[in-house]
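Engineer: Residue strings, one per chain:
Protein chains: 2
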Amino acid sequence: MSDTRAPWSVESARRGAGWLLGGAIDGDVVVSCRVRLARNLSGFPFLSRATLDQRLEVMDAVRAQIARASLGPALLWANIHELPSLERTLLVERHLMSKELAKGDLPRGLAVTLPDERVSVMVNEEDHLRVQCLLPGMALPQAWAMASEADDRLEDGLDIAYSSRYGYLTACPTNVGTGVRMSVMLHLPALRLSAEIEKVKRAASDMGLSVRGFYGENSEASGDLFQISNQRTLGRPESMILAELHEQIVPTVIAYERAARRNLLDKQPRLVEDQCGRALGLLLHARLLTPEETMGAISMVRLGRALNIADCAGIAADDATLLQLMLQVQPAHLQRIAERQMDQQQRREYRADLVRQRLTPATGA
Amino acid sequence: MSDTRAPWSVESARRGAGWLLGGAIDGDVVVSCRVRLARNLSGFPFLSRATLDQRLEVMDAVRAQIARASLGPALLWANIHELPSLERTLLVERHLMSKELAKGDLPRGLAVTLPDERVSVMVNEEDHLRVQCLLPGMALPQAWAMASEADDRLEDGLDIAYSSRYGYLTACPTNVGTGVRMSVMLHLPALRLSAEIEKVKRAASDMGLSVRGFYGENSEASGDLFQISNQRTLGRPESMILAELHEQIVPTVIAYERAARRNLLDKQPRLVEDQCGRALGLLLHARLLTPEETMGAISMVRLGRALNIADCAGIAADDATLLQLMLQVQPAHLQRIAERQMDQQQRREYRADLVRQRLTPATGA
Chain C
1 MSDTRAPWSV ESARRGAGWL LGGAIDGDVV VSCRVRLARN LSGFPFLSRA
51 TLDQRLEVMD AVRAQIARAS LGPALLWANI HELPSLERTL LVERHLMSKE
101 LAKGDLPRGL AVTLPDERVS VMVNEEDHLR VQCLLPGMAL PQAWAMASEA
151 DDRLEDGLDI AYSSRYGYLT ACPTNVGTGV RMSVMLHLPA LRLSAEIEKV
201 KRAASDMGLS VRGFYGENSE ASGDLFQISN QRTLGRPESM ILAELHEQIV
251 PTVIAYERAA RRNLLDKQPR LVEDQCGRAL GLLLHARLLT PEETMGAISM
301 VRLGRALNIA DCAGIAADDA TLLQLMLQVQ PAHLQRIAER QMDQQQRREY
351 RADLVRQRLT PATGA
Chain L
366 MSDTRAPWSV ESARRGAGWL LGGAIDGDVV VSCRVRLARN LSGFPFLSRA
416 TLDQRLEVMD AVRAQIARAS LGPALLWANI HELPSLERTL LVERHLMSKE
466 LAKGDLPRGL AVTLPDERVS VMVNEEDHLR VQCLLPGMAL PQAWAMASEA
516 DDRLEDGLDI AYSSRYGYLT ACPTNVGTGV RMSVMLHLPA LRLSAEIEKV
566 KRAASDMGLS VRGFYGENSE ASGDLFQISN QRTLGRPESM ILAELHEQIV
616 PTVIAYERAA RRNLLDKQPR LVEDQCGRAL GLLLHARLLT PEETMGAISM
666 VRLGRALNIA DCAGIAADDA TLLQLMLQVQ PAHLQRIAER QMDQQQRREY
716 RADLVRQRLT PATGA
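First to last, the protein sequences are chains C and L.
Going by my numbering, the letters in the first sequence line up with residues 1 to 365, in that order.
Going by my numbering, the letters in the second sequence line up with residues 366 to 730, in that order.
It is possible that part of the hints are untrue.
[Unchecked claim] Chain C side only, calculated, beta carbon under 7 Å to chain L, not exhaustive:
hint: 1; residue: R270
hint: 2; residue: H285
hint: 3; residue: L288
Just so you know, the hints here were simulated from the structure itself, not pulled from any lab data.
Where a beta carbon is used, it is the ideal one built from N, C-alpha and C, also for glycine.
Between the sequences and the hints, there should be enough to build the whole structure, so can you do that?
Structural biologist: Put into C-alpha cells, the structure is as follows:
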C-alpha cells in the first residue's frame, strides 16, 4: 500500500491497471465492473450555465470534501485542465476518467485512490461530481457498495441537489433519479465470431440497456470487449438496476459466451484454431501493429487460451498479461512505457516490439 | 538416373519438380526458363479441322518418332485423355503440360523425360506437337539448346509443315514463323511491393513481350511469380528472341528487382520486416490456408530470406524448399502427397499442416 505513484507514472503504465487483473470472478468472460454516480451541488447552476467563479467554487468545495472523506489509503488529486495532453489521455485510457473530462481548459479535477485506482471522482465533468468505482471481474455488488460508500462520505459534507420527487438532479435528464450507471465490461470473442453478438445487442437494447465498446459511447467494440450498462435511471432504484444486471443479464450473457466457445470448439475446431493461430502469428511476427488489430489479435489469443488451443496455450503471457497488454498498447500508455514521445509510425513499431516481447518466453539460463 | 517414377507418383509430388531447384544461376530472382516449339505434320489438317482418325494417325506418328528420338535416359508416355482428372491436374501444376492439353477426351498424349522432367512433348494440343524444355534458374540458352536438339531429333523422322516464306506453320497465326515461345519465370516480390511491377509490365508489353502469372495466359500472378515471354514469332529468328530476353530484358528486370529489394531494406526496413514477418506468422500459425494466400506468404518469406530478415532467415526451409512448397500446396499435389482425395476444406487443413511442418525445425535429439 506504499506505492502512491500517479496513474500516469512510468511504473503504473508498465504495471497496468488494477481493474484488468486476471483471476477474478468469472474472469474468463467478465473483465471489470463499474458503478458511476452523478451528483450536483445545490445552490450552484449546472456546469453548462455556471460562471468560471462558480466552477472554481464547486471544485474547491468538492475537493475539500474529497480530502476529508478518506476514500482510500492514499489519494491523488489532479487539476486536469493543467495536465499535459498525454497525461490526460493516459487517465482516459485507464478508464479513470471520461474523454469529456479530458477536454477543454476550464477548471476540472480528478481524484483517484492509490495504489488501487478503484475509486475516482471526476469534478466538473458533465455534473459537478461523478463518483466511480471500478473492480476486476464479476463484482458489481462490491463496486456498487464501494461507490455508494464513497458517495455517502462525500455527501456527508456537501449539499447535494436532490428532489424528493425526482431523486438526484443531474445535468442530463437521462441521469435524473438515482444518477447511477452500472456497467459490466465483457470479453465476448465467441459471440462476435458466431455473429450472435448482434442478438445480444438487440436483446440488451430491448431491455433498456446499452452495449458499447471499450472506449465508451461512440467507440466500436475493440478487442471484442463490450460494455453493458443501464440506460434508464429515473424511477428505478439502484437495487433493481443491480439485480437486473448482476442476477439476470450478465449471467445470461456469460452463459451465452461460454456456450458459444464450447460450440466453436465442438463444431468448428479447425476454424477457431485457425483464427486464434493467425492472431498469435500476427502478434509474434508483425513488426508494425495498429491498436485495432492488436486488440483484435489479443482477443483471439485470449480465446485460444480459454479453449486450450495448442499455440495460444503455450505463450508466455497469462490472461492477466493479455488484458494489461490491451491497455498498454494504447497510444499514451505506449509512450509512457517507452518514456518518449512517438509519432504513429514509431508507436506501431514499439507496439509490435512490446507485444512480441511480452508473448515470447524469456530465453537463456 | 534410375528413378523413373511418373511425375504424378507420390514420390515425385513429395520431391517437387526439377525446374524449381534452388541454387540455380540468378536463382534469387529467376525461378526457371522455358522454351516451347510449336510444330505440325504436313499432310494433316490442323487439329481444329482434323477427324478422329487423323488425330490418331498424328498421335501414332509422333509417338513413334518420340520413341526413336532418345530424348532422355528414360521417357514417360501418357495418353492424357485416358488419365484421371487428378493426374492431369498434377501434370499441369508441374508445368509439364498446358491446361488445354488436360481438357477434353479426344486422343492426346504427353511424353516426359525422366527423372529430370526437363523435356516434354505435348501431342495434339493446339498444334500436332509442342516440344518444351524447362530448366531451373537463368538458363534460357541451355533450354533453347535442349529444346532445339529435341526438335531436331523429332523432325528427323517426321514431315514437318514448313513454308519457305513463313517458316513453321502453326494452328494459331501468332506462332507462325519460328513457332518458338521463350519464357522466363521470375520471382519479383520487391517490384510488386513497390508497385513498380506495373512499369515492368508496360515496358514489356511495349517491347512485344507478355507478362503472365504462374499458371499461364489468364492467371493472375500468384506468389509474385511472373512469366515474361515473347509474343511475336514471325520474321524474327530464334537467336534474336533469345538474345533479347537473355541479354537485355531479363537482366534488366533482375537488376530492377534486386535494386527494389535493396531499396526496401534501406528506405523502409520496418515495413518490409513487417510484411515478411506477417507472412511467416501466417504460415507458422494458420490452421487453414488457401493456395493464393500460401503462395503470397511463401513469396514474402522468400524475400525475407533474401534480405536476411531475422525471422525468415531462421526458418528450417531453404530457398529450394520454399519454391517446391509453392508447387506442393497446389490442390492436386497436395492430394497426391496426402495419398487421399480431399475436398477444399480438407485441402486447406492439410496445406496448413504441411507448410507448418516444412518451415518448423525438427525438434528432438
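Engineer: Run through the hints listed earlier and report the numbers of any the structure violates, in increasing order.
Structural biologist: none
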